[in-house]
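S.K.: Below, each chain spelled out in residue letters.
Protein chains: 2
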Amino acid sequence: MHLYEQIADGIQEMIEQRVFRPGDRVSSVRKLMVQRGVSRATALQAYQLLEGRGLVEARPQSGYYVKAMPMPEPDAATSRGAEEGEQIELEGTAAKVAEVLESFREHPEYAPFGVAVPSPEILPNRAINRALAAAARHAGARQNDYDFPPGHAELRRQLALRAPDAGFAVSPEDIVTTCGCMEALNLALRATCKPGDAVAVETPTYYGQLQALESLGLRAVEIPSHPRTGPDLAALEGALRRTRVAACLFTTTYSNPLGSCMPDEHRRALVEDLLTPRGIPLVEDEVYAELHHGPARPRSCRAWDREGLVLVCSSVSKCLAPGFRVGWIMPGRFGQRVQLLKFMNTLATPTHPQAAVAEFMRSGAWEHHLRGMRRALRAQVARVRAAVSEHFPAGIRVTRPEGGFVLWVELPRHVDAVALHRRALAERISIAPGPIFSAQGGHAHFIRLSCGHPWSPRIEQGLAALGRIATRMAAGAARPGRPRAT
Amino acid sequence: MHLYEQIADGIQEMIEQRVFRPGDRVSSVRKLMVQRGVSRATALQAYQLLEGRGLVEARPQSGYYVKAMPMPEPDAATSRGAEEGEQIELEGTAAKVAEVLESFREHPEYAPFGVAVPSPEILPNRAINRALAAAARHAGARQNDYDFPPGHAELRRQLALRAPDAGFAVSPEDIVTTCGCMEALNLALRATCKPGDAVAVETPTYYGQLQALESLGLRAVEIPSHPRTGPDLAALEGALRRTRVAACLFTTTYSNPLGSCMPDEHRRALVEDLLTPRGIPLVEDEVYAELHHGPARPRSCRAWDREGLVLVCSSVSKCLAPGFRVGWIMPGRFGQRVQLLKFMNTLATPTHPQAAVAEFMRSGAWEHHLRGMRRALRAQVARVRAAVSEHFPAGIRVTRPEGGFVLWVELPRHVDAVALHRRALAERISIAPGPIFSAQGGHAHFIRLSCGHPWSPRIEQGLAALGRIATRMAAGAARPGRPRAT
Chain A
80 MHLYEQIADG
90 IQEMIEQRVF
100 RPGDRVSSVR
110 KLMVQRGVSR
120 ATALQAYQLL
130 EGRGLVEARP
140 QSGYYVKAMP
150 MPEPDAATSR
160 GAEEGEQIEL
170 EGTAAKVAEV
180 LESFREHPEY
190 APFGVAVPSP
200 EILPNRAINR
210 ALAAAARHAG
220 ARQNDYDFPP
230 GHAELRRQLA
240 LRAPDAGFAV
250 SPEDIVTTCG
260 CMEALNLALR
270 ATCKPGDAVA
280 VETPTYYGQL
290 QALESLGLRA
300 VEIPSHPRTG
310 PDLAALEGAL
320 RRTRVAACLF
330 TTTYSNPLGS
340 CMPDEHRRAL
350 VEDLLTPRGI
360 PLVEDEVYAE
370 LHHGPARPRS
380 CRAWDREGLV
390 LVCSSVSKCL
400 APGFRVGWIM
410 PGRFGQRVQL
420 LKFMNTLATP
430 THPQAAVAEF
440 MRSGAWEHHL
450 RGMRRALRAQ
460 VARVRAAVSE
470 HFPAGIRVTR
480 PEGGFVLWVE
490 LPRHVDAVAL
500 HRRALAERIS
510 IAPGPIFSAQ
520 GGHAHFIRLS
530 CGHPWSPRIE
540 QGLAALGRIA
550 TRMAAGAARP
560 GRPRAT
Chain B
80 MHLYEQIADG
90 IQEMIEQRVF
100 RPGDRVSSVR
110 KLMVQRGVSR
120 ATALQAYQLL
130 EGRGLVEARP
140 QSGYYVKAMP
150 MPEPDAATSR
160 GAEEGEQIEL
170 EGTAAKVAEV
180 LESFREHPEY
190 APFGVAVPSP
200 EILPNRAINR
210 ALAAAARHAG
220 ARQNDYDFPP
230 GHAELRRQLA
240 LRAPDAGFAV
250 SPEDIVTTCG
260 CMEALNLALR
270 ATCKPGDAVA
280 VETPTYYGQL
290 QALESLGLRA
300 VEIPSHPRTG
310 PDLAALEGAL
320 RRTRVAACLF
330 TTTYSNPLGS
340 CMPDEHRRAL
350 VEDLLTPRGI
360 PLVEDEVYAE
370 LHHGPARPRS
380 CRAWDREGLV
390 LVCSSVSKCL
400 APGFRVGWIM
410 PGRFGQRVQL
420 LKFMNTLATP
430 THPQAAVAEF
440 MRSGAWEHHL
450 RGMRRALRAQ
460 VARVRAAVSE
470 HFPAGIRVTR
480 PEGGFVLWVE
490 LPRHVDAVAL
500 HRRALAERIS
510 IAPGPIFSAQ
520 GGHAHFIRLS
530 CGHPWSPRIE
540 QGLAALGRIA
550 TRMAAGAARP
560 GRPRAT
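In the order they appear, the protein sequences are chains A and B.
Per my numbering, residue 80 is the first one in the first sequence, and the count goes up by one each step.
Per my numbering, residue 80 is the first one in the second sequence, and the count goes up by one each step.
Errors might be hidden in some of the hints.
Below 30 Å or equal to it, Euclidean Cα-Cα: the simulated DSS-like pairs (lysine-lysine) are [unchecked claim]: (1) A/K110 / A/K146; (2) B/K273 / A/K273; (3) A/K273 / A/K175; (4) A/K273 / B/K146; (5) B/K175 / B/K273; (6) A/K175 / B/K273; (7) B/K146 / B/K110.
Just so you know, the hints here were simulated from the structure itself, not pulled from any lab data.
From just these sequences and the hints, can you work out the full model?
M.R.: Put into structure tokens, the structure is as follows:
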């Protein structure tokens, strides 16, 4: 990392922590030179970088000012929770999800805000594919055999080595590798629930989780989620009193689409006060946890788990290699059942991709890559957020995530997100409409924007065009359609 | 293929078709020279090859004779079918399966007759891994992205090109790639059944199928299976009259462990007379279908399917690359549902391994490799069969499969297969005991021997030692244990 980037990151942190507020003048170039002992050129580079990220603006003869960001964050409770687990309308949601995925598959040229995938430009494709090629070339005689559950030994060792970063210890024997995080979630749900059971999920939440529940014959009990702090624990406690909940399924660290991250005290209360006394397992989706924008990753809920009730699920799909399908589960007390279900579901996880990821971790390339990727994502999220502020209609609200790479945008109430999504598609822009993130079709005036791509004219033009469509729709007469749950 | 190999194959076929019977003198070397217009050396090489395969023996001053193979095949109906779908005792079976898998994982030095995996020695590991390395190095910018369902376009095209070999046509759009055949079977069952439903399976059958049923909350209705012709259709018809069956799950071509292959007329009757009128789907496991010992592969039941009721499931795990986890399903009328379930189960199939398999098929290396592998497997199966005849106790019976690489051995009735399996493990020999192939713990005096490895001293010694253990157990007093269903 260059010195000017370090300086820019420091100032960005102060802006994010509201030490500098919108409209404030930040330290002058001269002051920065003295404070940090750097050249004028370096100080200027730092500010130019922040300007590029959309965080500060130069005012002639005056200096650099924190750019006005008039967007508040969405309401704490953006949706009602369900009193009872509600049946998920799979086919309806599936069709809309399919539109989003199809734009990704068939139209890579579309402005890519729809699917939460990191751009190949910020992934170490050459290095990781070299590792894959090496694994394919150099492994021993049984190189290509089934790697039966629990899976690749060195990969499990590398994962166990890193668990303390998340605040807990785990043995390699207590890890099972999977075909991506999605299989891990499925195994966790199948190990802890039976068809007909109710599962508490946050709302909004990742549509894949909702669809997995439906496909397993499980009911979703939606718990309102706060854009910063995640599931509303009081609401969860109420739901646990009213309904027999078989498990909770929460993305505790940089949830999708909210970007929320549970504070330690919430994690402790969730595990120690709410779940452990009732013996309710927590399926913890940690797939975004490595993508913190700050210096360290938050602890996993597993850190407070004394009973083996927290099943940690993750993968390398969001931070290294989506196409490898290498994920894992740390199933706690459900280890034997999970291992058996893994065998029955896909028999084994691909051998070479596991070997490549293990080698990538062993060599230290993993940490190096993640440091760079975190910086890139932080900058991308800030740029997209600034562009939304510039181009979208007045009255919108946008989340301010501390990790991951998605933004959740609340539009004026009368703007229909699905209609916006379809108009955007017609202009070759892919976004994800709010209703696919709910079991009840709620979040009708929200959209999710993925910030997986580095800033470029294509991204900028896409956001400007999307803003124009949204502005036109917001300016149109409030449509007479049926009232919608939000 | 060398000329002497062609000649040997022709004679082997005549032996297998009982044109030459055990004890018969086969054509003399001189006659062969005249018949085929070859040199004496070539004729001798052909017989030496057949001798090596355990099919003929030289008698001094007399010539070559078909080796006596006193083993009859097992009874047509080796087990009773269930009147009702019976609950599968998952944990009991799972523990025995785990022992077999563990010997594979932890003890590669054990004599390897337990797990049905082709030896790396007969797989084109260097070529396929070069293809994987090339896919990892050379693909475009999105090389490592998710390959969302239906999966890799070129792989689906290559599969569609080959479907006519199995007697039907399919569009690439009607194929979904999966993480191995096991995921394909799971998706097929989930698309056609709901928890609590009954599924007709042949017995004995692959334990993974039985465990998958259990894990999905499905009940198994066991249909007796003939060692040559597969499921007993009269028994199936009776079961369909008595029980509401949601689907059939049959390995129609070289089943595991029987090695049976349904004749065309049985396939026609199954699809046209039994299933189509009742609207019952057939999940057809074709994972061994490419491993025919004869010149052409049998047709799939799909060839008689006019209603989209046959879901064909397969993979490259048994014939190319077990570790790649590349499989597929041709789901007929259940396409939309299967594609959705695939997305929910594992999101996507590994990208690079699919690309490598597609390239392997596109280049023609696939067909070249399969030709050699079929010859190798035919020879290995014949050698193991001959060694069993030599070393095992009198009164055993062994299947005579026309494809695949497993043998199903019926021991004297008082020999307990699980006890034999454990004694064999203690002598560093891995086998698969019969009861794991039944939902009811039947087949107590059967074992499955995998012939995935080329003949070697280690294989020969392993079979001799296994024969000694079995002979000792057969000679021992009939044990007083509880009577067992077979």
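S.K.: With reference to the structure, classify each hint as holding or not holding.
M.R.: A quick look at each hint next to the structure:
Taking the CA atoms of A/K110 and A/K146, the gap is near 20 Å; set against the 30 Å cutoff, the hint holds. The straight-line distance between the Cα atoms of B/K273 and A/K273 is roughly 13 Å, inside the 30 Å bound, and the hint therefore holds. For the suggested pair A/K273 and A/K175, the alpha carbons sit about 28 Å apart, so the restraint of at most 30 Å is met. For the proposed pair A/K273 and B/K146, the alpha carbon gap of about 56 Å is over 30 Å, so the pair is violated.
Annotation: proposed proximity of B/K175 to B/K273 holds, straight-line Cα distance about 28 Å (limit 30 Å). With a C-alpha separation of about 25 Å, the suggested pair A/K175 and B/K273 falls inside the 30 Å cut-off, and the hint holds. A C-alpha spacing of about 20 Å is found between B/K146 and B/K110, which places the hinted pair at or below 30 Å, so the restraint holds.
Hint 4 from the list above is the single one not met by this structure.
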